[in-house]
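Enquirer: Based on the hints, put chain L in the right spot on chain R.
Each chain, letter by letter, is given below.
There are 2 protein chains.
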Amino acid sequence: MAVGLEAPKTLLPVAGVRLSSTAAGIRYQGRDDLVLMAFEAGTRMAGVFTRNAFCAAPVLVAREHLAAGQPRYWLINSGNANAGTGAQGLSDARRSCALVAAQAGLAAEAVLPFSTGVIGEPLAVDAIERALPALYSGLSADGWLAAARAIMTTDTVPKGASREVALSSGTVTLTGIAKGAGMIRPDMATMLAFVATDARIEQAPLQGLLQAAVDGSFNRITVDGDTSTNDACMLAATGASGIGIQDPEDEARFAEALNALMRELAHAIVRDGEGATKFVTIEVGEAADTPEALAVAYTVAHSPLVKTALFASDPNWGRILAAVGRSGLADLDVNAVRIWLDDVQIVRDGGRAPEYREEDGQRVMAREEILVRIELGRGMARERVWTCDLSHDYVRINAEYRT
Amino acid sequence: MAVGLEAPKTLLPVAGVRLSSTAAGIRYQGRDDLVLMAFEAGTRMAGVFTRNAFCAAPVLVAREHLAAGQPRYWLINSGNANAGTGAQGLSDARRSCALVAAQAGLAAEAVLPFSTGVIGEPLAVDAIERALPALYSGLSADGWLAAARAIMTTDTVPKGASREVALSSGTVTLTGIAKGAGMIRPDMATMLAFVATDARIEQAPLQGLLQAAVDGSFNRITVDGDTSTNDACMLAATGASGIGIQDPEDEARFAEALNALMRELAHAIVRDGEGATKFVTIEVGEAADTPEALAVAYTVAHSPLVKTALFASDPNWGRILAAVGRSGLADLDVNAVRIWLDDVQIVRDGGRAPEYREEDGQRVMAREEILVRIELGRGMARERVWTCDLSHDYVRINAEYRT
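The listed protein sequences correspond, in order, to chains R and L. Under this note's numbering, the first sequence has 332 at position 332, and the numbering climbs by one with no breaks. Under this note's numbering, the second sequence has 270 at position 270, and the numbering climbs by one with no breaks.
One chain only, chain R, in its complex shape:
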């Protein structure tokens, strides 16, 4: 069902990164569910994690190990989130790290754990332990695509992207993979993203680059900074190309490529939204400030009535207007608000645009990709968020996920 989304055909290897995937049988049968990513010594890492108060055990441990030093491995399992598992979950996450680190003769802090899947079930650490020898022996620079497949849960398409960036002293590579598909309210799905580059970047600027890229991508497909118990987005810079960022122009080029890659991954998650049949951009302009633009955009993007109308290809613009009206803006002058579906103006002067014809709205709504543009007439801020529709299949998928 994914909207305009295909599996990546190739993903570029990143010097200094090796990956391996295997079927550990943690929950799924007959498919890979465990990934190890190994980074050469000297790799710098940055991370952005969920703000959910009930953050999962692996998130707590990953944060802790990232702060403790310079990790060398990421261990990722699908099928079990190791969330809501209390003290036992923490112990399981730590033990997984220790087992992986022991194979390389390192301390547990050298490993960052990530989990996605069902909440509240104990993690099968024994299954992970049994899989480790195969996982180690399979490490390869070409393992990106297999890893993208292994981290999937309700995803229907593996998600990955690569970029080459010409900097002043040479070309560096960026490759990333992501998973996530529960997109009616993205804060409820686990979104994991793992990006690496062979550029040489120190930890502090790396963290800044990652945060900026997340703000323009994964934080534009989520609400109010809400995130699931397990969300994490990681960026590693191995430095293996020997090429650093020399000047502001290099930095701009690198940031632009990173932002575009992360946006592509974020859009892929929306396009693969559970039950999605439409890819919808909500653009809010002429807002007084960014929070206001986002408040309106998210209210529209999360409205089940708007989302079911999108699913039905029904230009029920009244539902869009009602969502704008209840998004909490102080002193909104409804007569200044204009709304378009792609190039078709549907709202002006507090009501339906006089020239609007139902067939024009239907023509736009029949498309797979739709832009809902709302101009508030209050200021200069403009933001975009991305979402999908609400279909029968969303309910089916989420009613049947565990059973």
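Since the hints were made in silico from the structure, they are not lab data. Incorrect hints may have been included.
Covered stretches of chain R, as calculated for chain L (at least 3 residues, CB under 8 Å) [stated by the list, open to error]:
(1) 137 to 150
(2) 305 to 319
(3) 341 to 350
Computed, partial: chain R to chain L, Cβ under 10 Å [what the hints assert, rightly or not]:
(4) Thr50
(5) Cys55
(6) Val118
(7) Gln211
(8) Asn259
(9) Leu390
No residue lacks a Cβ here, since even glycine has one placed at the ideal position from N, Cα and C.
Expert: Just chain L, lined up with the frame of chain R:
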């Protein structure tokens, strides 16, 4: 599909109130869609209206006429919300009032208009005009049940309730009807409620009684005070019983009956929620204050993942826990949080309660009526909100409503 909800068998007449319903053909065919309620001279009225910035034309006019004097009529149509209709909509609402008032030799301000149905279509005032003679001639004290049917849109069951209240100087009657069924996020459905009593109460205390009752009923099935473009809840006191409220004890008795009646109507809306198969109470206790208790309750109540799990009768308590975790509480100590499904404890010490067994959770989730109780361990505030599950039928109903 309504959960444990039957049409009221009888509704008590209220002295001083006459009602009439007719098929005006505004949108629906072969059913009543227009209601007139007539109140005797001296009736006091109070109203609570939507806070949506795009409030509908009838809401603007009803507010204006209520402020202007002592209205004598409520005119209610279903099938068309007269919302998002700009200047024409205002003009149509005013003209409807003038037409009704003219039949009684009164000014337009004597009539309050209410509309529910599709947004953005022009109101068929001519159809209303043609129906007025029949509407007038049909006015009767026994018209409550027919009116409850005529104001329905996607409702499957008419909603109404009556109470008799013994006050120190005699017994007064309370009868109310309501409509509304779009309940996954109640702020998006039009909820209309019309309540009358033959008690003698002045306008200021009447407004206070209504506001308090709304806060404990319709505002507990809605989020953050969000409301649709058309929501309105009206309370009329005809005084025709000659019985007033003499003392604080009378006032407490009357308020208790009014609150119970409004809660019954609000629950009926949830029980008839679009596609609902479960009636769910979310209780949040040990909160630091009321806003915090409501924030947690609404986050859980609106989570599509929780709602689809309820539909599937799946005790996926991790989704409840994740919703609590992202509800925005500062410094939430997750280890202090406990969660129950009815009498079955599912969460303690930051994870699944050790004694919890899946079959116990399934036993509760199989019920039609479920209490989700969350204790935060932060204070003394406690609130309840009511919601329903998210089913296939919700999507079907809302994808097909206009088409």
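Enquirer: Quick check on the hint: Val118(R) CB to chain L CB, less than 10 Å?
Expert: holds (7 Å)
Enquirer: Tell me if the interface restraint on Leu390(R) is satisfied: Cβ within less than 10 Å of some Cβ in chain L.
Expert: holds (6 Å)
Enquirer: Go through the hint on Cys55(R) and say holds or violated, using the shortest Cβ distance to chain L against 10 Å.
Expert: holds (7 Å)
Enquirer: Are there at least three residues in the region 137 to 150 of chain R whose beta carbon sits under 8 Å from a beta carbon of chain L?
Expert: Since three or more residues must qualify, the claim that chain L covers the region 137 to 150 of chain R is violated, with 0 doing so at under 8 Å.
Enquirer: Check, residue by residue, whether the region 341 to 350 of chain R contains three or more positions whose beta-carbon lies closer than 8 Å to a beta-carbon of chain L, and give the verdict.
Expert: holds (count 3)
Enquirer: Is the interface hint for Asn259(R) satisfied, with its Cβ closer than 10 Å to some Cβ of chain L?
Expert: This interface hint is violated because 26 Å lies over the 10 Å limit.
Enquirer: Taking a Cβ-Cβ distance under 8 Å as contact, does the region 305 to 319 of chain R have three or more residues in contact with chain L?
Expert: This one holds; 10 residues, not fewer than the three required, reach chain L with a Cβ under 8 Å.
Enquirer: If you take the shortest Cβ to Cβ gap from Gln211(R) to chain L, is it below 10 Å?
Expert: violated (20 Å)
Enquirer: Is the shortest C-beta separation between Thr50(R) and chain L less than 10 Å?
Expert: holds (8 Å)
Comparing the model with each numbered hint stated earlier shows that hints 1, 7, 8 do not hold.
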